[in-house]
Structure formats: structure tokens, C-alpha cells
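Asks: What follows is each chain in one-letter form.
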Amino acid sequence: MSLTGIFLILFLVVHCYINAQIFWNDGGHKFEEAAHFMGTNFIIRTVEIGLTAFLLLHIIQGLNLWLSNRSKRSVRYTVSAGNQTSAWYRRSMGVLGSLLLIFLVIHTAKFWIPNRASQISGNGELPLYHLMKDEFQYGWVVIVYIIGCITLSWHLVHGFWSSFQTLGLATHRYKYLINGIGIAFAIIVPLVFALMPLAFYFHWID
Amino acid sequence: MEHYHMNLTLKVWKQKNNNDKGRFETYQVKNISSEMSFLEMFDVLNEQLIAEGKEPVAFDHDCREGICGMCSMHINGRAHGPWHETTTCQLHMRQYKDGDTIVVEPWRANAFPVIKDLVVDRTSFDRIIQAGGYVSVNTGNAVDANALPIEKQKADEAFAAAACIGCGACAAACPNASAMLFVSAKVSHLALLPQGDPERKIRATNMVLQMDKEGFGSCTNIGACEAECPKGISIENIARLNREYLGAAFSGSSNE
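Taken in order, these protein sequences are the chains called A and U. Taking the working numbering, I'd label the letters of the first sequence as residues 1 to 206. Taking the working numbering, I'd label the letters of the second sequence as residues 207 to 462.
Among the hints, a few may not be true.
What the hints assert, rightly or not - Taking CB as the label site, the calculated pair distances span:
(1) R173(A) to D418(U): 57 to 63 Å
(2) K360(U) to H29(A): 55 to 61 Å
(3) D418(U) to H15(A): 33 to 39 Å
(4) A361(U) to I181(A): 28 to 34 Å
(5) A369(U) to L177(A): 24 to 30 Å
(6) P262(U) to L177(A): 49 to 55 Å
(7) I356(U) to L63(A): 18 to 24 Å
Quick caveat, the hints were computed from the structure, so don't treat them as lab data. Only a predicted model underlies this, so the values are computations on that prediction, with no experimental measurement involved. All residues carry an ideal CB built from backbone N, CA and C; glycine is no exception.
The following block holds chain A by itself, in its conformation from the complex (with noise of 0.2 Å):
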């Protein structure tokens, strides 16, 4: 969980900094740039396959862990401590993946599974920036985005850290630096996210 859960958040750091060219307020040329390198590039469509099988494995790792989880206490408390002794995310982490697994499912058949289906079939690239600017136009898809960021924040808040203490690193050293840094990136990186459908639903750019 841990291992696939810091790459899919090298990912995210990629992929935000990319779709953030948008904020140059350009037009989409330095952002469309930045997508055709990602797109076209060997080396990047090589590690995309490496992202959809972490992907993959992230999820089945996670549904394993669940199950197997759930069968160790068979006989379940009439009367549970709640919130009163964890944070309800750190025992949310299937529901909100679930979440995020149907925002992805939206997210990649609107913009990357087109694209890519349009590369395979020799017609080329989507002008992915005015997709985006069609797409945001709708009020719903702008209100999908914004509560697939939030799940995201979430999600992030536990895995964030939760992985570097799996991995034996949130120590009395770093636990605080680690928790530190990943509640700012829980905040920062879907925020980024958020504001993009926001910015061109409100015509912050054009």
C-alpha cells in the first residue's frame, strides 16, 4: 500500500505541476506543450503503464486489505468508540479510494482514455486545453472536480503520512516533518486541482 501509495503521489506532483501551465493564462500554448511532451515522450508513455499497474495494485491491496481486515473481528462491538479515539478518514480510507476510484473513472473517460484512443487510431492529439474549457463549462462536472479534490485531500491527509510510517521512516525524528509536509501537500496539490475547473467555469482565464 504504501510503496504504490508514494508513487501514485510522485504522480500527482507531475501531473498538478503540468495542468498548473494553464495559469499562465496563454491561451493553453505552454500548457499543451507540457501535454504533448507527456504524451508523445517513450519514456513517459513507458512509465504510464507502470502507473496504471500501480494503480491497479493499489486497489487490489487496498480491497485485500479491507477483507481481510473485516474477517478478523467477526463478532463486531454493539457500542463503538468512534471519532472519540481516531480520526474518521484514518478508518475511511476504502470509502474515500472508492470515491476517488469513480472520479477517476469519470475523469479519464472525459479527458486521457479520448486522447489516447485518438493517438491509437493515427487521428493524434485532442487539443486537450480546449476540452478542458468545454468540459468546465457545465456546473455538475465543475461540482464532480471539487468533491473529487476534496475526497483527494483526504485520502491524503492519512496516506501521506501513513506510508512513511509504514515504511518505518514517520520516526520521533521526522514524524512531525513528515505529517507536516503531508497535510500542506494534501492541501496544496488538490487545491491547485480545484481551482482549475473553477477558473475556467468563472472565467478567471480563457
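Following the hints, position chain U against chain A.
Replies: Only chain U this time, still in chain A's reference frame:
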């Protein structure tokens, strides 16, 4: 603080043995002093039940001063009740008001099968200790306490980990029924000291292996264990156990 007396409704888990399905039984106890401990309140209940010719409630207890780790009640959803870093025997009735209803359950985890009522079998912890929670070097006579220099910080961390009384509250409180806090405390207090160093790799590997064999869940770093531990064992120890375990796995040390 003002002393007072209270009448309470208790919903207590009754289960004949491990094959019985078990159910809640409701009892009324009267005139309970706010100065009593939670277990003394159960003593009053049991005396009342015996006087009525009914079967008393079986529960675990021994030292009643918070150091043995024998008491094990899950009270209104909380392992050892609501007080921070407190065992059930040290929880006092001043926590409750007249007319309160208290639900008392046993530790619930498949690795802690119910023996009777609130008594569970925690020998799974003993078997984890037997798998590696010891030092097998020949120590000879007791050496002078200061003959072996140990860094103050390490000594403190080892001591804090060694405070674990093995009560099982961590596994009972964990939504995954994981025993990682217990195992990590037992691995840590030895791994931090020179006496435990020679066997640290085999110890981490074998204790984790035994923990899995006993049917405890996997740690997902929720942190409920740390919140409920009566001895305040930190989940930093779990990070240390993970490091010890991964280190052992990469260097290929195991008894298996």
C-alpha cells in the same frame, strides 16, 4: 469533590463459552458510591446476583492497581473505559451520574476468543512473546547497572516501550483488530538496548509471523491503539517495528 451515590443500569455481555452466541443481560445496581472503582461496582453487582441465586458475571482482574494488565472491559465503546491512560480497575465511578446506562462488552477480536462473559483468552499474546520477545544470551550474574553505557534517550524510549502490560486494549480498540502496538512495544524495548541487539532481526520476523498466525489484523495506522493504551505506548514504536521487520526481511534473517 463531592461524594455521591448513584443507581445504574448495566447492559453486560453474557456468554456461556466460546461456542455460545452470547447476548446482553440488563442489570440494575443501586447505591453505588462515586468513590468505588469500576471493578468494585462489578463486585457489588456479583454479590447481589449471588444473593438472588443467579450466576455472577465472569470478568478478569488481578492487581487492581493498574499495573498487571489483567482487567479488560470494553465500556460504552471504549477499551478500559473513557479515561485517558487508565485501566478498567483504575476507572472510578465518579465518571458516571445517577441513572446512567453503561454497556459492557468483552474485548472483541477473533484472536481473543471469549472464555466466558467478559473473560477473553489472551494467550495469543503469550505465544507472540514466546516467538521472540526475550533475550536468550547467557547473562550470568547480575552486572552492575552502569557497566553497560546506554544513551539516555534510548534508555528512556526503551523504558517507555517496556511499560506495556500486555492487556490487549490496543488490539481490542483497533478497527482492524491488529496487535501491532503490542508487538511493536515488545520489539522496541529490546531492540533499543544492547542486550536485545544480537537477536533483533529474528525477533522482529518471528514475532510478526506469530502475530499473523494468531489471526490479528493488519495495521493501517488509524491510531486508536495509541489513544486507548493505558500505558501511553506511542505508535512511533510501530514505525520502529516496521523498520526492524523490513530491515530483517532485506537481510534475509528468519528462523523459518
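Asks: All hints are to be evaluated individually against the structure, with a verdict given for each.
Replies: Do the hints match the structure? See the list:
1. R173(A) to D418(U): 57 to 63 Å: Violated, since R173(A) and D418(U) (Cβ atoms, about 29 Å apart) do not stay within the stated range.
2. K360(U) to H29(A): 55 to 61 Å: The hint (55 to 61 Å, Cβ to Cβ) holds, given that K360(U) and H29(A) are roughly 58 Å apart.
3. D418(U) to H15(A): 33 to 39 Å: holds (36 Å)
4. A361(U) to I181(A): 28 to 34 Å: holds (30 Å)
5. A369(U) to L177(A): 24 to 30 Å: Distance hint for A369(U), L177(A) holds at roughly 26 Å.
6. P262(U) to L177(A): 49 to 55 Å: The hinted range 49 to 55 Å holds for P262(U) and L177(A), with Cβ atoms some 53 Å apart.
7. I356(U) to L63(A): 18 to 24 Å: violated (45 Å)
Against the hints set out earlier in the document, violations occur for numbers 1 and 7.
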